[in-house]
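A.B. asks: Just so you know, the protein sequences line up as chains A and B, in that order. Just so you know, we're using the numbering used here here: the first sequence kicks off at 1 and counts up by one. Just so you know, we're using the numbering used here here: the second sequence kicks off at 114 and counts up by one.
Honestly, the hints are just simulated from the structure, not real lab data. Just so you know, these numbers come straight off a predicted model, no measurement behind them. Be aware that one or more of the hints could be misleading.
[Unchecked claim] So the derived list for chain A, only partly shown, Cβ under 10 Å to chain B, looks like this: (1) K14; (2) T100; (3) E101.
Just so it is clear, CB atoms sit at the ideal spot from N, CA and C, and this is done for glycine as well.
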Amino acid sequence: DGGITQSPKYLFRKEGQNVTLSCEQNLNHDAMYWYRQDPGQGLRLIYYSQIVNDFQKGDIAEGYSVSREKKESFPLTVTSAQKNPTAFYLCASTDSAMMTEAFFGQGTRLTVV
Amino acid sequence: GQSLEQPSEVTAVEGAIVQINCTYQTSGFYGLSWYQQHDGGAPTFLSYNALDGLEETGRFSSFLSRSDSYGYLLLQELQMKDSASYFCAEVRDSSYKLIFGSGTRLLVRP
Chain A
1 DGGITQSPKY
11 LFRKEGQNVT
21 LSCEQNLNHD
31 AMYWYRQDPG
41 QGLRLIYYSQ
51 IVNDFQKGDI
61 AEGYSVSREK
71 KESFPLTVTS
81 AQKNPTAFYL
91 CASTDSAMMT
101 EAFFGQGTRL
111 TVV
Chain B
114 GQSLEQPSEV
124 TAVEGAIVQI
134 NCTYQTSGFY
144 GLSWYQQHDG
154 GAPTFLSYNA
164 LDGLEETGRF
174 SSFLSRSDSY
184 GYLLLQELQM
194 KDSASYFCAE
204 VRDSSYKLIF
214 GSGTRLLVRP
C-alpha cells in the first residue's frame, strides 16, 4: 500500500544534540513538507520541497535543516540552535500536479530531556 | 504567523449541523482545503475548493467565496466521532506552499 512513513514515533533528545527525523513516501509525490505542531495549536510550516535537490524555508525554519536527495525521502534535522524543540512533527506529501490533497505521516513526538 | 483565521472552538449537539468558517489572505491564493485531526493523530483530508461554490462529500460540504476571501466547512448529522480539530489550509500560487490555519476544536455533545 502506498503511504508516507515517519520514524521514530517517539524521540528523546538531550539539550545541545542534533537529531534527525525520517520521512519516506512511496506515493511518487513531488512535493513534501515538514510541519511543527505544539499542544492545542495549528500546523506551522518548517520547510517544503517541490522537487528533488530543491527546498524552501517555511515560516519557522530557524534551528532546522533538511535535504532532498531522493524523491521519496525528506529528512528533517532539529539542530541545537532550535531553542524549544519539544513538539509533534508532521511530514506530508502532495502530487504537484493536483495539490488538492496532502497525505500525512503519523508524526514524530520529540521531547528534549 | 498564521494568515488564516478560524474560530478556536465550536460546540454542537449530536445530530445537528455546524459550520466552521475560515478567512484567508488573498496574495497568491490558489485553493482552500479542509482537514480533520483527532487528538494524537495525523490530519486527514476532507475537501478542497479552487472555485467559488459548494463541494459536497457525504455529510461534509465545503464552500468558497473568492471575492470575500472566505470559506467554510459544513458538517451535517453530527456524530460523536466528529469531535476533533478541523483545519483550513491554503494552497498558494505555483510554489506549492501549503499553509494551515490554527484550527477549530469541535466538541459534539450527546
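A.B. asks: Now tell me, hint by hint, if it's right for this structure.
C.D. replies: Tested hints:
A least Cβ separation of about 25 Å between A/K14 and chain B goes past the 10 Å threshold, and the interface hint is therefore violated. A cut of 10 Å between beta carbons decides the hint on A/T100: the least distance to chain B is about 4 Å, and the hint holds. Interface restraint check for A/E101: the shortest CB-CB distance to chain B comes to about 4 Å, inside 10 Å, so the restraint holds.
Consistency note: the structure conflicts with earlier hint 1 alone.
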